[in-house]
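Engineer: Chain by chain, the residues:
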Amino acid sequence: MEGSPSIELRGVDKEYRRAEFVVPVLSDLDLTVAEGEFLALMGPSGSGKSTLLNLVAGLDTATRGEVIVHGRNLGTLSEAEITRWRADNVGFIFQTYNLIPVLTAFENVELPLLLTKLSRKRRRENVKTALRIVGLEGREHHTPRQLSGGQEQRVAIARAIVTDPYLLVADEPTGDLDRATAGEILELLEQLNREFQKTIVMVTHDPLAARRANRVLHLDKGRLVDDVTDETSISAAS
Amino acid sequence: MKYFTYILRNARRNPVRTGLTIASTGICLFLMMILLSFFAMSAEVSSASRIFNRIVTMNANGFAGMLPVARVRQIAAMDGVLAATPFQWYGGKYHDEVMPFAQFGVDADVVFDILDEFTIPADQLADFKADRKGTVIGRKLAQDRNIKVGDSLPLKGDIYPVDLDLVVRGIYDGPNNRDLRMCLFHYEYLDESLKQTTMGAGSGGSLATEASRISGNAGSIFIKCQSADAMVELCRRIDDEYRSTEFPTRTQTEEAFGQMFEEMMGDLKNTVYWIGAAVVVSLLFVAGNAMAMSMRERTSEVAVLKAIGFNKSLVLFLVLSEAVLVAGLGGAIGALGCKFLCDYVDVARFSGGFLPFFYVPWNTALLGLGVSLFVGFASGLIPAVLAANSSVIDGLRKVV
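Residue numbers (the numbering used here), protein chains in the order written: chain A, 1 to 238; chain B, 1 to 400.
Looking at chain B on its own, in the form it has when it is part of the complex (with noise of 0.2 Å):
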């Protein structure tokens, strides 16, 4: 500690050069927080839905696959379920709006029970109940839109031959790191609508036969389990049980379905990975070049320092530490910023949609100070070796 003073003074030599490299590695951290959190943040949130004891089911062939929605009851019926509701992606579009937020057709009945981590006043879930029509929204979703209870809520088929005219009856809350975004609809309403157009346009119609294609499908099956042992039981015996039909299933933890989300996305994990270490090393560039442009500058108060008594593995220590604070700074402000920021500001909002909610995960926060640190010492190291090795006449020189 009794050489802070002499580190940090030196660090605050050349301010301009000094800012320019903690902005540099603060901006490039904040930029590979964001890209890195993105993956982070969905394994978390897929692992952490563990405690939820939840499976999901979905046609084994993927979601354009048909998932007849009587199975809904047969499956609830099942030893070890508790509760079990379709969960029918529509992707209706709100007004003008080009990226359509999360709507799903559910059973009102128990959505509540299976996705417990949410909560919503009694009044307004009875609401839903009773109201065919009705709509829950999450807090967010109605923060951004402005949507309050008792607002209609219409959205225009955009995969679907049907628009819906929604009151919002409810407004659930939950976690920051869950779905606030979401608009939960009656399934039984969508099913109606599909079938009325199906009647409505006749048997010939190219409407109503996408509509029967689409209607009577529960899209996917969120359950809940007694326990968390049952639950891969549970996958086994549901598959087992649909093997053999027209739709066969494919049922898996709920973060099992999270983590085949990001498997969706190919390479790009890898190819982050990499933008990541080529940001580094070019961070690398940038503090190694400050760092040897600020040691040549002082290479007769280096041999000064030596002739009164600093040793090698001392100075070698202060360059060290020297370049260690200035990235250190940068990776404080990038990293821990950026977690901050995202942290007590809500910055899905401004992704349009294509993000539910964002936040920078610990671990990953962690991650970028490290790399920022690593980074002070690996810029650090040639300039604090060759000061640690230079010669003390050769540094007097200009003065003795």
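Same shape as in the complex, but just chain A (with noise of 0.2 Å):
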């Protein structure tokens, strides 16, 4: 599977308006990543990272040219059926996890099984393995009250599984987090990409974050300024 085109943009611009201004935050980008890639996206603050991954999440839509994800091109699509497409295809992880508070760990996986024509018998099989993958059997019924932030990052990355879509995009996963609980997560990201072969978009900050990647982007102004993909040239980059 991998090498064949999971994500594709062409010409791509993205502008914002704010009141009589606009603000223009990514210009004319061509990117191409293949299914299977775990791609880190990395710059400084406003180089419009977070706005590509939303592009290629279908959160967003783009001022001009074409966003390509698995062969629909997103900006064809209706709202009713992008937000249908985002529930089929992607899983989200994000900063600072956004469980539903009121959830236990059990209910928030399910949430988005929920969608789903699964008999409540299936979805509870299926939430058990995005449970046991992410390795937190035994914690269903805790709320997120109750679990560490590692934890809870853990259940986000279960919810974002459960429907085993085959894009994960995830925004900072390890911002939040102390370096050996993060370096767990980075573990986790890898193993569902090397076993389960997910295509993994990652915003970044953090190099050692990147060296888990098989791909760094560096963005600025708006701008892909790098494209590293070799393990070497990677450690070096981030």
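Derived Cβ-Cβ restraints for the label pairs, each shown as a range: (1) A/Asp178 / B/Ser282: 49 to 59 Å; (2) A/Ser78 / B/Leu20: 36 to 46 Å; (3) A/Gly46 / B/Met293: 25 to 35 Å; (4) A/Thr143 / B/Val98: 53 to 63 Å; (5) A/Thr116 / B/Thr271: 47 to 57 Å; (6) B/Met293 / A/Glu187: 34 to 44 Å; (7) A/Glu15 / B/Leu20: 40 to 50 Å; (8) B/Met293 / A/Thr143: 18 to 28 Å; (9) B/Asn270 / A/Gln146: 54 to 64 Å; (10) A/Lys221 / B/Leu20: 47 to 57 Å; (11) B/Met293 / A/Ala80: 21 to 31 Å; (12) B/Ser282 / A/Thr61: 40 to 50 Å; (13) B/Met293 / A/Glu190: 40 to 50 Å; (14) A/Leu77 / B/Met293: 30 to 40 Å.
Please keep in mind that the hints were generated in silico from the structure rather than gathered at the bench. Where a beta carbon is used, it is the ideal one built from N, C-alpha and C, also for glycine.
Both chains are given apart, each in its own frame, so use the hints to dock them into the complex.
Structural biologist: Here you go:
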């Protein structure tokens, strides 16, 4: 599977309008990400990396150009269609985990499955599998408040993979974690990429996190300034 | 149903706020039920009296007008009439009580044939008929004042210039939505007492003048008809019979008679409805504010839900369901709680004699529940629409 295009951006511009001002964020961006690739997006604040992540995740639309993910041109989809597409194809991992505090770990992971037609029994099986993959067996009934930061992020990862999407987007997934816990989370992402062939796009400021990826893109002022793929270069660049 | 856990957990997210919203909805609806039930109950009881085939005759000018007691016999003899009894309000005071309970001078021989929804043991009825000073009282009146058969029941005249020394000969019972707080005694005893006052005080005294004026007045006449079909015709015949006399009559069905008391309250009914509407509006503000606060705190959570694939209509449904659940719980506690409380606790006894009975009709309780669901829906609508249309990017901005 690895090698065929999973994400293609062709001449993508993104601008935001703030009152009478037009703020360009991404300019004429071309990018191809192969299926099964683990891509790290790096760059200073305001460089457009989160905007790029939002575009490939279907959370935002390009002002100009095409964003094609797994053969679907996201710009042609209606709001309802793109919402459905996200549910089927994208798993989200956020810096602050963004779990629903009133739900248990099990219920948080089950949320995306509520949108499917799976039976309750099947949902339960899938949630247990996802929690086992992230190493949280036995913590199903804990609420986020009863979990550590690392465990919360594991629940968030379980929520992201429970529907078996082919694309995982992670925005600073280790930003709120200590070094050791961050290492465990990155290990888990590597495992998902390696063993389950998930395409991962990760925004990070952390060079150590970027080293886990097999490709690192550097953005600055909305433009792609560096694209590193070999391991030695990644270590040097990040 | 698969979203119920999510809805329930969110409703319980801030127990104090949710509890206060439920409590305010519940208390407002409880009070609204009391107000609305007063009218709904009167209407229901009036319409329920249809099955008893009774009509009521009174003076055409109202209760203050004279209705000669001789007409009871005349009416009872008419075709289509099974029985007739005078029903003369006495309004005496029992011991130091300020508010009199219902006391009526009746024809002991037929009153329970006419008010046949009431039951009384045969021996007690026989004792009542045999004792001119005897009285029969309702079960609730007996319970309220701990009165037993054989006890004396002295009543001090307030409207009437005579006192009555009654002896309880029986206790009647009946359905809970009928007046079980009446005191029925022999009309003859009242009338004879009035005549004695007239004679004893001489012809020139004011007491004697008043007693003479009231004596022989039946007050109103309750008539049991042979069939429902005969009722309208009988009303017309009775009124035609006395149209050209000194005391013309107004005869109507018991249902219409009951409604007449409602009409006496004038615009109070509309006033109560307006108060109810104001309560609903204020509830909307309370519930709406609570829901809006709750949703403001969950901006990023809504964004996450939308990011992982919850569409607009589902978000709308979840927020509205939560609002309806909270307000509906308040409604269930307030409206249905009021209904069951009034069913199991005799709240009329706390009305100081103003109400013979009180209950919340089912249609009123369900109206209250419906109002609470409407309040939930309306109060949740704006927060729900805002949440459904909120931007995922803006919602995630705090964390992205």
